[in-house]
Amino acid sequence: MTPPIKSPSSSSVDYGKLSEQLMIAYTKDVLQHKALDTIDLPKIFERLEIREKTNKDKNLDYDDLLVLELLNYFKNDFFKWVNSPDCPSCGSNEDVQGLGAINPSSSKTISQSQAIIDQVSVIEVHECKKCKQKIEFPRINNPVTLLTTRRGRCGEWVNCFMLILQALIGGGDDDSDRIRYVWNQEDHVWCEYYSLSSKRWIHLDPCEGVYDEPLLYCNNWGKRMSYVIGFNYNYMIDLSDKYIVPEKQIPKNSIVNVQNVNFVISYSNGINQLKHFKRIEQQQQQQEVDVNEQRNLAFLKLYHNFLVPYNKEINQLKPELTKTTPSTDLPSGRQSGSTEWTKSRGENGES
Numbered sequence: 001m002t003p004p005i006k007s008p009s010s011s012s013v014d015y016g017k018l019s020e021q022l023m024i025a026y027t028k029d030v031l032q033h034k035a036l037d038t039i040d041l042p043k044i045f046e047r048l049e050i051r052e053k054t055n056k057d058k059n060l061d062y063d064d065l066l067v068l069e070l071l072n073y074f075k076n077d078f079f080k081w082v083n084s085p086d087c088p089s090c091g092s093n094e095d096v097q098g099l100g101a102i103n104p105s106s107s108k109t110i111s112q113s114q115a116i117i118d119q120v121s122v123i124e125v126h127e128c129k130k131c132k133q134k135i136e137f138p139r140i141n142n143p144v145t146l147l148t149t150r151r152g153r154c155g156e157w158v159n160c161f162m163l164i165l166q167a168l169i170g171g172g173d174d175d176s177d178r179i180r181y182v183w184n185q186e187d188h189v190w191c192e193y194y195s196l197s198s199k200r201w202i203h204l205d206p207c208e209g210v211y212d213e214p215l216l217y218c219n220n221w222g223k224r225m226s227y228v229i230g231f232n233y234n235y236m237i238d239l240s241d242k243y244i245v246p247e248k249q250i251p252k253n254s255i256v257n258v259q260n261v262n263f264v265i266s267y268s269n270g271i272n273q274l275k276h277f278k279r280i281e282q283q284q285q286q287q288e289v290d291v292n293e294q295r296n297l298a299f300l301k302l303y304h305n306f307l308v309p310y311n312k313e314i315n316q317l318k319p320e321l322t323k324t325t326p327s328t329d330l331p332s333g334r335q336s337g338s339t340e341w342t343k344s345r346g347e348n349g350e351s
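The letter at position 251 of the sequence shown is residue 251 when you use UniProt numbering, and the numbering goes up by one with no holes.
Note that these hints are calculated values from the structure, not bench results.
Incorrect hints may have been included.
[Said to hold, decoys possible] What follows is a set of in silico ranges between Cβ atoms, one per label pair, in the way DEER data are often shown: (1) K275 with K312: 30 to 36 Å; (2) K312 with Q283: 22 to 28 Å; (3) C131 with D77: 18 to 24 Å; (4) K312 with R279: 30 to 36 Å; (5) K278 with C90: 53 to 59 Å; (6) F299 with N253: 33 to 39 Å; (7) D63 with D40: 46 to 52 Å; (8) K43 with S198: 25 to 31 Å; (9) K43 with T328: 17 to 23 Å; (10) E293 with D40: 28 to 34 Å; (11) N83 with F299: 35 to 41 Å.
Yeah, the Cβ is synthetic: ideal placement off N, Cα and C, and Gly gets one too.
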């Protein structure tokens, strides 16, 4: 069932493990309960009820409307975008300038143990021109910590949003394949969820509050991109054809060898298949079933839960089948981030 797995380089292994490291927290019941306890559920469901009554799109079911309302709540009521951190002395961020970044171990404001708990990847150092005070801005990856801090840029936004999304529409490992993290080589991340009514993966960008607009980045922002990779607890997949139009495609081989990327994806998926198979086998062993029948049932479940959805999506991602018409309702250019910042990144809709 699973082809022989040849070990890649150590860097490829690290990349291949990224999906599991990012997704594992979202499937823990205790963290999902924490998320539900933190957000304003009455407000969300009150607005959802209004959205249900006014909805005219028959393609949207209850889950879809819930996700739309969560996007609205998360962007407008819950999370805050950070261009530059506020100065603790004067409270302003207008005269704050970035100086660079340091390793968490060099921080003067956060302990090493706290940095580990918060999963701090790097700490930005800024300076208030008015007060001449250095300001540290840790980039936090722990979604539970982010439920409290509620601020950051696209990485923090997506990480926290996905935990809440999983808590609302998922129910543990069996449902963990309904959400996934989407990474872009050109410094942006977003996410997707699987719509049961549409029977496809829907693009979500919590920073922009945008639903099902995969051409947002190329046709609206004017962003040129090379690779877009999606991953969740089940598998990793190249989504470049879904999100990148030909005229905005940076040649993939100019960034990294395409064969190497394909190999990492295949390796990661092979490892995930083995893990799924072993987990299914363990579940079967708890039942009074013949050993051979256990393995047959495990293979069958792996086939339906992993191989069928993966191959079906691969076929759906063929260029001629991906969405090619962008919405005309969106404002031009990236909305999150300062004007200078989006212009410097080629995301202001002018390129």
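Earlier hints that do not hold, by number: 1, 3, 4, 7, 9, 10 and 11
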